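Model the full structure from these sequences, guided by the hints.
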Amino acid sequence: MAKTKIESDRGLNVRMFVTGLALVVLYLIITTLLIYLGVGYGLVIVIVAAMIFSQYFFSDKIAMFSMHAHEVTPAEEPRLHEIVDRLCLLADMPKPRVGVAEMDIPNAFATGRSPSHAVICATRGIMTRLSDEELEAVLAHELSHVAHRDVAVMTIASGVGMLAGLVSRMAMWGAMLGGGGGRGGNNNDNAAIVEMVTWLVSIVIYVVAYLLTMALSRYRELAADRSGAILIGKPSVLASALVHITGDMGRIPRTDLRKAETMNAFFFVPALAGGTAASLFSTHPTLERRLDALNKLERELNG
Amino acid sequence: MGLRDAIFGRTKQVAPQLDNIFALPGAALTLQSELDLVTSGQAGLCFKAGSGESSMLSDADILELLNFDAPKDSISLTSDDLGFKWLVIDDPTIDGLVTKIHAANSTMVDHELGPRLLCAVFGFVPATPPGEGSVRLVYLLKQGTFYPFAPTGPNQRDNELELRVKSFLSADLVMEKDLSRWMALWNLPVR
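Chains as they are written, first to last, in my numbering: chain H, 1 to 303; chain C, 1001 to 1191.
Bear in mind the hints are in silico, worked out from the structure with no lab data behind them. Since we're looking at a predicted model, the values are computed, not measured. Watch out, some of these pointers could steer you wrong.
As the list claims (entries may be wrong) - Think about it this way: if two alpha-carbon atoms lie no more than 20 Å apart in a straight line, the pair counts; the simulated DMTMM-like pairs of lysine to aspartate or glutamate are:
id, chain 1, residue 1, chain 2, residue 2
1, C, K1166, H, E300
2, H, K234, H, E77
3, H, K95, H, D85
4, C, K1085, C, D1110
5, H, K259, C, D1019
6, C, K1177, C, D1019
7, C, K1048, C, E1132
8, C, K1166, C, D1178
9, C, K1177, H, E300
10, H, K259, C, E1176
11, C, K1177, H, D248
12, H, K234, H, D85
13, H, K234, H, E288
14, H, K296, H, E134
15, C, K1048, H, D256
16, C, K1085, H, D256
17, C, K1048, C, D1091
18, H, K259, H, D104
19, C, K1085, C, E1064
20, H, K234, H, D292
21, C, K1166, C, E1176
22, H, K259, C, E1064
23, H, K234, H, E300
24, H, K259, C, D1080
25, C, K1166, C, D1036
26, C, K1048, C, D1095
27, H, K61, H, E82
Claimed, not checked - Over the 10 Å line for every Cβ pair with chain H, so calculated as not near, a few chain C residues:
id, residue
28, D1019
29, T1099
30, S1106
31, L1118
32, P1126
33, A1127
34, G1144
35, Q1156
36, A1184
37, R1191
Don't be surprised by glycine CBs; every beta carbon is placed ideally from N, CA and C.
Here it is as structure tokens:
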């Protein structure tokens, strides 16, 4: 959160620190386990580190690719560029590249390894649904993610999860192969049991790491809500934007019924029915929680 | 549609559900008392224009088919730029509109044009303008469900008003619960 004018929130910082600390403790547990398991894993760690690093380094390209987004010039999207220009001046941060994803689902995201390599992207759906003021609030939220270096933070956090998963898999192989000997003669049975325990512990660690990552992500979202709202000075506008793009309103499409006939069951029974599965462990806080926080902030700012 | 059909890629055509439409006059009363909305005096039936020998009916043929003792000037047939035809019916009362739309639906089904039916649309406007803005009630014939559509611009719709309409009408009508199916009908020829 270095040199930007986006203010920080102490309570949130403390909770984020605690969550981060818990992740560090997990790191230590994993390192201990790795040492106990001995050599051979050095190479594995190098590979994992390389994977995590490339995920971090190419985060902008990966996200743009998976969202089918393309970069746009100021001539193509004057409204979007104007808003981003204004917000970057306000926050005193370098202007990120700007992209658009041609989809009806209202969404926006920002990614990139550093503020100078960031890209901020909005879907067509969010641009048609929101007023200029609301779109500005959403983009301020996304720029806060850039300023907070959330890509780096979340990459490190989820890297732990990947490491834990790897350890558990290695331990499982170890447990299966361990019985065949090679680990020093008469202690074969004990070694197998120890490795089984390691395997179980790794799985527990993986689950806990995952839950913590999700919790951290939710705190980062609240922090970005707060910073974004402070940047534009109107928490209520961000709240109204959230109401318009999440929950019921966000699900009402802008696509024409007559154009949509091919993608659903208006003329034919679908070959495969797909339910919309809500994710169990959400990366975002609930709408209620976010609105509460913004209401509180609105009172603070007015008060 | 079973697994076998999925594997062999067979597509079964869906028969339209016509009967839920008769709940509309009751819903119209609710709309008037809660949101001060009354019928616009117009309703429309949207169906896909066919392109096949036997199904290739001319506009005159379709109008002939649907000639159910209505004055000629109260029914018109138009095409939109998305390849759909609209049968637009004028009638000052909601009961009249419902009866005529249902008759048109039944006639289409009798002539094996049922699978082509997309939706029926009923227009509602504020009784005392400007009011809250006008709303169309769209009836999805394949699903047998209703949803509100309140366009406010070329690509803008008033979701807030739509959700309020839904909350008031849930008791009267079979409303479409899957909000992602509340598709827009931009530039529709029904008032």
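**Prompt:** Under the criterion that the straight-line Cα-Cα distance not exceed 20 Å, is the pair H/K259, H/D104 satisfied?
**Reply:** Roughly 13 Å between the alpha carbons, so the hint for H/K259 and H/D104 holds.
**Asked** Taking 20 Å as the top limit, are the C-alpha atoms of C/K1048 and H/D256 close enough?
**Response** 14 Å, holds
**Request:** Run the C-beta distances from C/Q1156 to all of chain H and say if the shortest one exceeds 10 Å.
**Result:** About 7 Å separates C/Q1156 from the closest Cβ of chain H, which leaves it inside 10 Å; violated.
**Prompt:** Taking 10 Å as the cut and beta carbons as the points, is C/P1126 off the interface with chain H?
**Reply:** 21 Å, holds
**Asked** Straight-line Cα separation of H/K95 and H/D85 no greater than 20 Å?
**Response** Judged against 20 Å, a Cα distance of about 7 Å means the pair holds.
**Message:** For a C-alpha distance cap of 20 Å, please report whether H/K61 and H/E82 respect it.
**Reply:** 23 Å, violated
**Item:** Consistency of the no-contact label for C/D1019, given chain H and a CB cut of 10 Å
**Value:** It holds; C/D1019 is separated from chain H by about 19 Å at its closest Cβ, greater than 10 Å.
**Given hint H/E300 paired with C/K1177 - CA-CA distance at most 20 Å** = 39 Å, violated
**Message:** Given the hinted pair C/K1048 and C/E1132, is their Cα-Cα distance within 20 Å?
**Reply:** 32 Å, violated
**Message:** Between the alpha carbons of H/K234 and H/E288, is the straight-line distance 20 Å or under?
**Reply:** Holds - the C-alpha atoms of H/E288 and H/K234 are around 18 Å apart, at most 20 Å.
**Message:** Please verify whether H/K296 and H/E134 have alpha carbons no more than 20 Å apart.
**Reply:** 19 Å, holds
**Request:** Assess, step by step, whether the Cα of C/K1177 is no farther than 20 Å from the Cα of C/D1019, and give holds or violated.
**Result:** Given pair C/K1177, C/D1019 holds - Cα atoms ~18 Å apart, limit 20 Å.
Hints 1, 2, 5, 7, 9, 17, 22, 26, 27, 31, 35, 36, counting from the list given before, are not met by this structure.
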